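J.: Chains as they are written, first to last, in the working numbering: chain Y, 2 to 367; chain U, 2 to 367; chain W, 2 to 367.
Hints should not be assumed to be uniformly reliable.
It does not matter which identical chain is used: a pair holds within one copy or between any two.
[Claimed, not checked] Straight-line alpha carbon distances no greater than 27 angstroms define the calculated DSSO-like cross-link-like pairs of lysine-lysine that follow:
| id | residue 1 | residue 2 |
| --- | --- | --- |
| 1 | 137 | 169 |
| 2 | 63 | 237 |
| 3 | 252 | 270 |
| 4 | 137 | 153 |
Quick caveat, the hints were computed from the structure, so don't treat them as lab data.
Computed from a predicted model, the values in this text were never measured in an experiment.
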Amino acid sequence: RASPQLRPTATAPRLPSSGQLFAGPAKAAGAGKPGRAVAGARIMRPDDANIAGNVHGGTILKMIEEAGAIISTRHCNSQAGEPCVAALARVERTDFLSPVCIGEVANVSAEITYTSRHSVEVQVNVMSENILTGAKKVTNKATLWYVPLSLKNVNKVLEVPPIQYARKEQEDEGKKRYEEQKLDRLETKQRNGDVIFPVINPEPHTVGYSQSSLIHLVGPSDCTLLGFVHGGVTMKLMDEVAGIVAARHCKTNIVTASVDAINFHEKIKKGSVITISGRMTFTSNKSMEIEVFVDADPFVDEPRERYRAVSAFFTYVSLSKEGKPLPVPQLLTETEDEKRRFEEGKGRYLQTKAKRQAQMQQAARQ
Amino acid sequence: RASPQLRPTATAPRLPSSGQLFAGPAKAAGAGKPGRAVAGARIMRPDDANIAGNVHGGTILKMIEEAGAIISTRHCNSQAGEPCVAALARVERTDFLSPVCIGEVANVSAEITYTSRHSVEVQVNVMSENILTGAKKVTNKATLWYVPLSLKNVNKVLEVPPIQYARKEQEDEGKKRYEEQKLDRLETKQRNGDVIFPVINPEPHTVGYSQSSLIHLVGPSDCTLLGFVHGGVTMKLMDEVAGIVAARHCKTNIVTASVDAINFHEKIKKGSVITISGRMTFTSNKSMEIEVFVDADPFVDEPRERYRAVSAFFTYVSLSKEGKPLPVPQLLTETEDEKRRFEEGKGRYLQTKAKRQAQMQQAARQ
Amino acid sequence: RASPQLRPTATAPRLPSSGQLFAGPAKAAGAGKPGRAVAGARIMRPDDANIAGNVHGGTILKMIEEAGAIISTRHCNSQAGEPCVAALARVERTDFLSPVCIGEVANVSAEITYTSRHSVEVQVNVMSENILTGAKKVTNKATLWYVPLSLKNVNKVLEVPPIQYARKEQEDEGKKRYEEQKLDRLETKQRNGDVIFPVINPEPHTVGYSQSSLIHLVGPSDCTLLGFVHGGVTMKLMDEVAGIVAARHCKTNIVTASVDAINFHEKIKKGSVITISGRMTFTSNKSMEIEVFVDADPFVDEPRERYRAVSAFFTYVSLSKEGKPLPVPQLLTETEDEKRRFEEGKGRYLQTKAKRQAQMQQAARQ
């Protein structure tokens with residue numbers, strides 16, 4: 002029996018059949034609206050995956066973000082005016098519905114689904130395809146928000162050309178999503194003071210036992226034309242750290258099951274050193290929640306101090322050789338803070354579970 | 002029995018022994034003409050190959066082009082004058098004579114074989130070497146044409162310093178090759194209007210069933226000092242798409258057998274988004290021909306429209322586990338255009354076959 | 002005034018002229034000993050360099066090690082017998098004689114200079130070439146030791162086929178180098194207990210202020226055919242961490258000036274997580290010494306505990322925009338251990354300086 006995070010039916014109500022999934026953006030492209038759809042396919046390579054052959058969630062997130070960046074930058078430059086680059090502002094919570102393997106083709110399609118005055122909502126779908134058997138599976142369905150920044154003045158947010166909606170309700174629903182995410186962004190001020198301290202000789206399954214951190218020097222290929230890190234690059238590194246935390250905790254093959262909404266409050270400049278730290282916050286019977294922080298040191302040419310650029314929660318599951326979810330060791334909490342974070346994680350877990358059940362009931366009624 | 006595309010003997014008349022192959026550039030270097038030869042060796046890694054362990058044709062093409070770019074840029078700057086970067090203008094038809102595997106070393110050697118006033122012909126040979134057994138095989142023998150562009154003004158083509166020929170016939174033969182390729186370049190205006198439209202619920206083995214596309218955001222490491230995409234990077238992406246088309250069609254392990262002459266009419270600038278699309282045009286009993294288009298969107302800072310930068314035909318074969326060519330399913334053509342393209346592909350196939358037979362007969366007579 | 006580490010004249014006595022440098026391996030290949038020489042050329046890309054355009058020392062070290070691995074694996078398999086893969090055992094101290102820039106070509110040539118019963122000494126030279134101006138500079142001259150491990154049984158060290166020496170002294174000198182390095186390897190048991198602890202709110206220019214660490218999940222492309230990490234991959238990551246430590250300390254453009262001898266006592270297996278940690282140990286007026294540790298966690302399939310795989314000292318200098326060495330802030334030592342390590346670093350610094358002066362005097366006498 003599959004874990005909730007990996008059950009494809011769980012999000013069925015929102016997903017068209019896989020045929021439509023790809024036909025959707027393709028049709029749009031054929032219909033002479035090239036700015037609103039983009040599609041691409043890439044073979045998954047050994048370096049994209051862990052040793053069990055499962056493609057890293059971070060590889061998928063990076064592909065999603067690249068497609069989103071292309072379509073939204075293209076759209077925002079589609080009218081005469083100041084040239085701009087679309088910067089990732091937010092990714093909505095996304096589930097990894099089924100694992101992708103080395104040698105499979107990941108088909109990514111992106112479509113603009115809403116525009117506000119200063120932001121673009123992009124829907125990106127990923128479908129894995131075993132090109133030997135022809136089998137296709139929906140892997141991912143993500144929603145991203147981008148903001149157009151002037152190429153000449155990176156601090157200037159430009160106006161977004163409006164899109165046409167087929168039906169009035171589409172616009173209304175988009176506006177509702179826009180308002181919701183705006184509220185969440187305002188609320189979610191980063192957990193700034195929170196730092197991960199190492200623990201000497203930690204006991205197995207404690208928080209200190211699995212916590213990990215990574216530093217990365219931001220190179221040219223990590224960056225957009227504006228010289229700031231692609232959101233997808235950041236997410237890939239975050240997933241890398243989260244995966245190491247999960248593997249250290251349960252010492253089995255682990256895969257990304259979902260990522261909570263991520264807000265990108267602060268840009269990260271080329272040449273910065275970023276520290277990505279992860280610690281486990283919660284375990285259910287078959288899942289682990291890992292909190293990840295990204296801190297940037299804008300060294301060399303800037304006087305600015307280290308700052309928290311992004312933070313997020315990743316959920317991982319442990320898989321058997323047959324791809325079935327395994328039980329995970331319970332996280333041992335020691336300090337008051339760890340206990341509090343465990344309870345908060347439990348709250349998020351139960352809330353997600355409830356939402357999913359509500360969606361399924363709604364789907365069953367339809 | 003090996004397929005015609007993979008039969009090493011087929012091009013034997015034009016190939017020196019493998020000893021000479023490598024001694025050639027080495028001797029040249031020793032003989033005090035360091036500008037005319039370049040050599041490189043690289044271990045093939047898992048990411049360079051498909052899941053069967055065969056190195057992608059695109060990986061080889063990229064290595065070939067890098068060697069060509071080094072030697073021609075070096076040569077064009079060997080006399081005092083305006084500094085320049087050699088840009089790839091054309092690659093002659095090239096056969097992949099034997100597959101290369103992970104762990105083998107690819108030895109690349111390049112030599113300048115002809116110079117016209119404004120262009121350089123480079124011959125690049127690739128030899129795969131199993132460093133455990135010592136076995137060596139000629140993998141590839143490619144001819145590339147480069148044009149020196151001024152570093153200060155990218156639209157200015159500079160003059161090429163002439164090379165010395167050992168024998169007068171070498172110059173005459175080079176001149177003949179130069180004239181031939183020039184004619185072909187003028188004729189081959191890109192199939193510009195041709196676009197690939199998606200098909201909904203396509204039948205197996207139709208054109209629509211296997212056609213594929215990939216998008217790529219051009220990053221700094223994809224580009225030369227002039228800020229334009231390396232020809233080798235483009236060819237690697239083209240081979241990736243062609244490989245997906247071939248695998249979708251026959252659902253077996255496939256490898257690149259040959260690439261038709263490719264003309265690089267239009268440069269692609271850093272920051273562009275390129276769409277690489279492939280569709281099958283023809284199948285023989287044991288080979289598939291795939292047409293690949295590269296379209297560039299020079300977004301953000303340029304007012305220019307999407308344009309066709311390159312197009313080419315790749316031939317793939319399907320291999321059994323023992324490395325023997327397998328029969329491929331016949332391509333089902335539906336529209337008039339598809340039938341026409343199939344016939345054109347058949348023409349190219351028969352012409353190549355006839356040329357190869359003529360070469361073999363000539364070799365037998367010698 | 003140039004720093005000692007960057008002055009090309011410093012090692013002049015041991016270096017042939019740049020013409021000979023490259024003619025060497027080329028001649029050997031031409032002379033029918035293709036197994037003893039290998040050469041390669043690669044264009045340096047933005048991703049290989051820091052934001053000032055200087056290629057990372059780690060990029061160079063990785064290229065050097067790849068050339069060494071190819072030539073020694075080839076040699077060790079040159080006689081009938083058990084197939085094997087040459088594993089890096091040691092890199093001798095190496096100086097980075099001049100910085101390499103983006104767009105330049107790095108020419109790497111490798112030659113086997115000595116063989117003992119179970120090990121191979123490889124000399125690798127790197128020459129940077131500005132292909133626009135034709136200017137060439139010797140960048141690096143490294144000596145590496147490899148040991149052949151059986152492909153069937155990784156714990157079995159095989160015998161090395163002996164090489165022929167042109168002169169008897171070459172063999173004697175090689176044997177002397179072999180004995181010296183063997184002694185050093187036995188002495189340098191890893192500084193195993195030594196771990197880097199983070200410091201909260203450290204003062205600028207203290208050890209805690211700049212210390213850094215990085216984790217890396219070992220992927221397939223990081224590994225040899227035996228499934229163990231290439232020594233070059235490890236060195237590249239070590240240089241990355243050392244560079245971040247140096248940059249955090251002096252907040253200017255920094256480049257690798259030299260690397261002390263590195264012994265690779267323990268192999269690292271595919272799928273491991275490695276932690277690379279660096280801390281500053283010593284500063285002179287114009288150089289910084291950074292100690293780097295590599296620890297491996299063989300998680301998932303092995304019961305083994307974390308172990309110290311490698312450790313080394315890197316020396317960095319800070320460069321002005323004109324490429325001149327700048328003064329660096331003095332390291333503030335706080336604990337007894339830090340003071341002791343500072344004195345030890347000073348000892349290494351003075352010893353290296355004395356050796357270099359002795360070499361120069363010897364050269365002047367010749």
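J.: Would you mind marking each hint as holding or not holding in the structure?
T.: Now the hints, each set against the structure:
1. 137 x 169: neither (33 angstroms within a copy, 33 angstroms between copies)
2. 63 x 237: both (6 angstroms within a copy, 20 angstroms between copies)
3. 252 x 270: between (35 angstroms within a copy, 15 angstroms between copies)
4. 137 x 153: between (43 angstroms within a copy, 22 angstroms between copies)
Taken one by one, the earlier hints fail for this structure only at number 1.
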